[in-house]
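Protein chains: 2
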Amino acid sequence: MPKISVKAAEMPASPIRKLVPFAEAAKKKGKIVYHLNIGQPDIETPEVALEAIRNNNLKTLEYTHSEGIESYRISLGEYYRKFDIPVETEDIIITTGGSEALIFGLMTTCNPGDEIIIPEPFYANYNGFAKIAGVNIVPVTSYIETGFALPPIEEFEKKITSKTKAIIICNPGNPTGYLYTKEELEKLSDIVKKHDLFLFSDEVYREFCYDGAVPFSAMNLPEIKNNVIMIDSVSKRYSMCGARIGAMISKNKDVMQGAMKFAQARLSSPTIDQIAAEAALKTPQSYFDKVEKEYVARRDILVDGLNKIPGVFCPKPSGAFYCVAKLPVKNAEKFCQWLLEDFDFEGQTVMMAPAAGFYATPNTGLQEVRLAYVLKQESLLKAVKCLEEALKVYPERI
Amino acid sequence: MPKISVKAAEMPASPIRKLVPFAEAAKKKGKIVYHLNIGQPDIETPEVALEAIRNNNLKTLEYTHSEGIESYRISLGEYYRKFDIPVETEDIIITTGGSEALIFGLMTTCNPGDEIIIPEPFYANYNGFAKIAGVNIVPVTSYIETGFALPPIEEFEKKITSKTKAIIICNPGNPTGYLYTKEELEKLSDIVKKHDLFLFSDEVYREFCYDGAVPFSAMNLPEIKNNVIMIDSVSKRYSMCGARIGAMISKNKDVMQGAMKFAQARLSSPTIDQIAAEAALKTPQSYFDKVEKEYVARRDILVDGLNKIPGVFCPKPSGAFYCVAKLPVKNAEKFCQWLLEDFDFEGQTVMMAPAAGFYATPNTGLQEVRLAYVLKQESLLKAVKCLEEALKVYPERI
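Those protein sequence lines, which keep their order, are chains A and B.
Under the numbering used here, the first residue of the first sequence is numbered 1, with each subsequent residue one higher.
Under the numbering used here, the first residue of the second sequence is numbered 1, with each subsequent residue one higher.
Please note that the accuracy of each hint is not assured.
Note that identical chains are pooled: a pair holds if it fits in a single copy or bridges any two copies.
Derived pair list, reagent style DSBU-like, types lysine-lysine, alpha-carbon separation capped at 30 Å [stated by the list, open to error]:
1. 59 to 282
2. 3 to 251
3. 251 to 18
4. 59 to 27
5. 187 to 316
For the record, the hints were derived by calculation from the structure and aren't laboratory data.
The shape of chain A in the complex, shown without the other chains (with noise of 0.2 Å):
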């Protein structure tokens, strides 16, 4: 039987998923089990777009062209605009979701050995991305007690070499939530400028700044405008996870040229995923408002509800709708097992994603955990308490 290949056996597994049989075993059991471990909002996706799906009267499923239907790269350009982020119809390649525009914008860049730069804890699908495009994560560790800011960036001259190309940002953060601030960006700027490098921006929580807020994108950093790759996503903007759309976006000519290429070998993102994505930037602003003011009272029942547990410290994040929080655990992973496998209270019990996971140097942030605040405000407040009760009786708790 022949071998599969080195990067199969190296591509790593998802560190949400690992969890996954003791979830579902203690489901078996009949507990009941609050998912704080993944990113799929229980937020219904806009009308607007639903409605388009509906009422399509395709009578052939057509390919649209590689870089996106041209009426929706249009109204996605003027969509930047109106937040006077700096983008043009030419500056769009449509993609199938986030990832493929990140998995293009690494092929097109990066060469094989190549090493991108990337604040830690960070989404742990970029290793896997990174693995496919064949280059290597050098991590800059970012730290709770901050709040999960911008490194010094005195750490990322320390880790740029001969081989370094790229570094990667996602604002606001999964999984910190963390909303860089313009000066933080502007420090990136001037090291990405320095030492000619790219800087990708995953911008897909965009829409999700709370308390006042205003997220300023990398596109808006005019000294490196060529050096810009920023990376969108419809999923999470209108809870349209499973539209599987996406966006590429950059000023940068031979980029876009290179990533055209990319595109045209897979023939085209879904067609009727690529219209509903066109309606839902009809949504009105009565939906994110809405949608704004139920996270923003999700988080604050889940972050102000751990700050309340004795010897948990959970930062308020800004933006998106994952935190980070640091457990009175040695190993947070095991505690999570642990309250999968051994613990309920009232029949109830939490799923969390360990935040090691999410870190790329060894041994870091094992005390802490990734929660995703995407369940109904009651939800929550039980969640909360189950952790509450887990952490009396744990009997490894610190």
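Since chain A is already given, all that's left is putting chain B on it; use the hints.
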């Protein structure tokens, strides 16, 4: 400005796209252009699939499982077994088009620098998929004189090195329309077994077999059941190219586990499109009968018409909806460009794909073109007439 990657620079552009600017210019001049160059059928998608899209009542467009919607995978397995193709649910990963299935398959099985043998002419995007996986294509030439039958197996033997990892076939073939016999597949089975290779069998045109020809699936080669990776797609079968739903199928557990990690990194294939693909499995036989009748009529008009033109030779394909014809010209690409730029017959002309782009061996197939019979019969009649008139006046006719 940082440089793009070697991979992006070397990524091949599609041979079908090369002539697009000339076609656009021709249309601007008011010429009617018959597009025989592309594989986008004009056939309508089955109503049952379109209905599933229109009648869906999802409130939130969520991710599906990374391996695909379970009920779809179960039904798809049943579909294959109806044709005595032994596929179980666990042998199936739903992919975003056949393209993604092949990319996953190559990344899962091949290391960068490995070689894959492909009978040429072959589907040109295989070049892009190979480049993405970092593998080198080693062609074995098949010839128009034999209708593009499988080259003698000794020709494959000659090309096998320590780096050879797989053979890829497309059956029925794009661009040749050739349907491999059971005997040809058994020969492939022997060599695959002898050298312990993988066999990729791209069977996306399985339902397009004519004149009573019955396709023989590589999944029915029990001697190499752990070596076979079948590539499938709903694009052509149900004329739903824009759904971007395919499948990677194998009995090899290591391969499937490896591929699953790539599938998990990109989260899932589009949800609505999987629902449509599942519904499409209920397409009535009358749909296929009608489609087959139409394609046979089109093929006969095109191929018989071509063969009546002095100096033109076109073997009659028994599958898919392409054919390759040899023209009495030295350089078919030049002729195709001339057709668009300098020729018209009563205001009409023809766009074809020069076949050289489907060969990996340089300077091969220079006299050949690929034609797709995806147009209505009256258009095909006119297209053939155009070609006939063109060859009467083409200055470089040989």
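Up to 30 Å CA-CA - residue 18 versus residue 251, copy category
Cα proximity of residue 251 and residue 18: across copies only (24 Å, versus 39 Å in one copy).
Practice problem: Measure nothing new, just compare the shortest in-copy and cross-copy C-alpha distances for residue 3 and residue 251 to 30 Å and report within, between, both or neither. | Solution: between (42 Å within a copy, 14 Å between copies)
Check: Which holds for residue 59 with residue 27 at a C-alpha limit of 30 Å: within a copy, between copies, both or neither?
Finding: between (43 Å within a copy, 25 Å between copies)
> Which holds for residue 59 with residue 282 at a C-alpha limit of 30 Å: within a copy, between copies, both or neither?
Replying inline: Both: 24 Å inside a copy, 17 Å across copies.
Q) How do residue 187 and residue 316 come out at 30 Å by Cα distance, when the copy is not named: within, between, both, or neither? A) Cα proximity of residue 187 and residue 316: one copy only (23 Å, versus 65 Å across).
This entry satisfies every hint, going by the numbered hints stated previously.
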